[in-house]
Amino acid sequence: MNEQKLPSVRYLPAQKILPKDDAFHGSKYILDIEWWYFDAVFENGLSAHIGFRLYHIREIGVLQARINLYKHGTLIKEKIHRFFLSNIIIDKEKPIIIINGKKVVSLNIDKKNQNKPWMYTINLSIEDVFINLIFTSLSDGWKIETDSTCWTVPLPKANVTGTISFEGKTEKVKGSGYHDHNWGYSPTTVIQNFGWYWGRITAEKLHVTWANTIISKTKQDLITVVNKPYLENNEPPFFTSIHPNEIKLKTKNYKKYNNFLIPQSFKLIFNQQNTSSQPPVSGKLTMNTIDIHYDKIFIINYWRYHVNVSGTITYGSFKETLKNKSQIIEYLRF
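Counting from 1, position 33 in the sequence shown corresponds to residue 33 in my numbering; the numbering is continuous, with no gaps.
Read the hints as simulated data drawn from the structure, not as lab findings.
Please note that a few of the clues may not be correct.
Claimed, not checked - In silico lysine to any residue, SDA-like type, Cα no more than 25 Å apart, as pairs:
no. : residue 1 : residue 2
1   : LYS71     : LYS102
2   : LYS79     : ASP32
3   : LYS79     : LYS248
4   : LYS174    : ASN288
5   : LYS20     : LYS94
6   : LYS77     : LYS116
7   : LYS323    : GLY73
8   : LYS116    : ILE90
9   : LYS172    : SER106
10  : LYS92     : HIS81
11  : LYS143    : GLY45
12  : LYS267    : PHE194
13  : LYS267    : ILE299
14  : LYS103    : THR136
15  : LYS250    : LYS172
16  : LYS325    : THR136
17  : LYS143    : ARG53
18  : LYS325    : ASN288
19  : LYS323    : PHE298
20  : LYS248    : GLU145
21  : LYS248    : ALA211
22  : LYS169    : LYS20
23  : LYS267    : SER216
24  : LYS116    : SER106
25  : LYS71     : ASP221
26  : LYS92     : LYS174
27  : LYS92     : SER125
28  : LYS102    : GLU78
29  : LYS267    : SER317
30  : LYS323    : LYS94
Claimed, not checked - Label pairs and their computed distance ranges (CB to CB):
no. : residue 1 : residue 2 : range
31  : LYS172    : THR74     : 40 to 50 Å
32  : LYS116    : ARG82     : 31 to 41 Å
33  : LYS92     : ILE134    : 35 to 45 Å
34  : LYS169    : PRO13     : 40 to 50 Å
35  : GLN264    : PHE194    : 12 to 22 Å
36  : LYS256    : ILE300    : 17 to 27 Å
37  : THR312    : THR74     : 24 to 34 Å
38  : ILE300    : ASN274    : 33 to 43 Å
39  : ASN132    : GLY316    : 37 to 47 Å
Fair warning: this is a prediction, and the values are worked out from it, not measured in the lab.
Just so it is clear, CB atoms sit at the ideal spot from N, CA and C, and this is done for glycine as well.
Please model the complete structure; the sequences and the hints are all you need to start from.
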């Protein structure tokens, strides 16, 4: 068993976001990597990842679009296509991506009431796979920025509806989704970091996003952010960051996978007492592997897990229980 329980290098509290935070940020370094990540777990056993990864030096580069489809956690379809940046338009004020004149990612916000839920439309086709999905936010987005890298989570929890077409068939889908956006990554990131774990856990109302950025064997950033949904009585939604001293992440049941020993089970425990503005927030959650999809991005090793999650999340007097609920997590190792 491997347990990470030590003061984090930094306390990285989440901050509020604007649409511009999810737009194109451009080169922070000579070679810059920026990506937009969407995933969804559907009621029919399907799940999907749709990603847009941009590699560029100033105005020269390529955008890699990717679709991964899974059935009960097992990869059944993968499509990748690269587009030259000269054929791409990416907005710098709000998240809009246009490829060869076609809008593949777009954010729709009511200009008269920007407090209404954010809604993204994803319309992407690669060869015989067609994705047409609407992600509607169910909780407030947030961001964590450092001097080196940046992470925005516009949709910690979203309702996802639409259609997925592959192998000549079209399926209507409905489920729960997530979207984040990273920028400020470069070859230096690989040198200065070991890798990270990341996961999202969606209950009926509450949502947990967690990450463990491993800088070295003795330095880590433990992050856990809990989101409460939009409420029927129009009370403002919330997110709260758990202090790393109140977080324990256990990784266990290691097995060899693609010549690496990687964990098959995870346990996340957090317990933050009430403050002047927030009631106590806690969680005790176990994640057991259903299946793993391995990928390699240049020299970077990447494992996308589907896991069954069981446990409890508590916010004040409100408590939710999960039992073998399918979720997505990842392990990236530089």
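Status of each hint after checking the structure:
1. LYS71 / LYS102: violated (29 Å)
2. LYS79 / ASP32: Answer holds: LYS79 to ASP32 is near 23 Å, not above 25 Å.
3. LYS79 / LYS248: Measuring from Cα to Cα gives roughly 37 Å; hence the hint is violated.
4. LYS174 / ASN288: Answer holds: LYS174 to ASN288 is near 24 Å, not above 25 Å.
5. LYS20 / LYS94: Since the Cα atoms of LYS20 and LYS94 sit roughly 5 Å apart, the hinted pair holds (cutoff 25 Å).
6. LYS77 / LYS116: violated (35 Å)
7. LYS323 / GLY73: Given that 25 Å is the threshold and the Cα spacing comes to 17 Å, the pair holds.
8. LYS116 / ILE90: holds (24 Å)
9. LYS172 / SER106: Status holds; Cα separation ~20 Å.
10. LYS92 / HIS81: Holds: LYS92 and HIS81 sit about 23 Å apart, inside 25 Å.
11. LYS143 / GLY45: violated (30 Å)
12. LYS267 / PHE194: holds (21 Å)
13. LYS267 / ILE299: Violated - the C-alpha atoms of ILE299 and LYS267 are around 28 Å apart, more than 25 Å.
14. LYS103 / THR136: At roughly 18 Å apart (the allowed maximum being 25 Å), THR136 and LYS103 satisfy the hint.
15. LYS250 / LYS172: Given that 25 Å is the threshold and the Cα spacing comes to 37 Å, the pair is violated.
16. LYS325 / THR136: holds (21 Å)
17. LYS143 / ARG53: holds (19 Å)
18. LYS325 / ASN288: holds (10 Å)
19. LYS323 / PHE298: violated (37 Å)
20. LYS248 / GLU145: Between LYS248 and GLU145 the Cα gap is close to 22 Å, so the pair holds against 25 Å.
21. LYS248 / ALA211: Cα-Cα ~11 Å, so holds.
22. LYS169 / LYS20: The hint is violated at about 37 Å.
23. LYS267 / SER216: holds (21 Å)
24. LYS116 / SER106: Judged against 25 Å, a Cα distance of about 16 Å means the pair holds.
25. LYS71 / ASP221: Violated, at about 33 Å.
26. LYS92 / LYS174: Violated, at roughly 30 Å.
27. LYS92 / SER125: Judged against 25 Å, a Cα distance of about 24 Å means the pair holds.
28. LYS102 / GLU78: Holds. LYS102 to GLU78 sits at ~21 Å (cutoff 25 Å).
29. LYS267 / SER317: The given pair, whose Cα atoms are some 23 Å apart, holds under the 25 Å limit.
30. LYS323 / LYS94: With a Cα-Cα distance of about 37 Å, the restraint between LYS323 and LYS94 is violated, given a limit of 25 Å.
31. LYS172 / THR74: 40 to 50 Å: violated (21 Å)
32. LYS116 / ARG82: 31 to 41 Å: holds (36 Å)
33. LYS92 / ILE134: 35 to 45 Å: violated (24 Å)
34. LYS169 / PRO13: 40 to 50 Å: holds (45 Å)
35. GLN264 / PHE194: 12 to 22 Å: holds (20 Å)
36. LYS256 / ILE300: 17 to 27 Å: The hinted range 17 to 27 Å holds for LYS256 and ILE300, with Cβ atoms some 19 Å apart.
37. THR312 / THR74: 24 to 34 Å: holds (28 Å)
38. ILE300 / ASN274: 33 to 43 Å: With a Cβ separation near 40 Å, ILE300 and ASN274 satisfy 33 to 43 Å, so the hint holds.
39. ASN132 / GLY316: 37 to 47 Å: Given about 39 Å between the Cβ atoms, the range holds.
Of the numbered hints stated above, those contradicted by the structure are hints 1, 3, 6, 11, 13, 15, 19, 22, 25, 26, 30, 31, 33, listed in ascending order.
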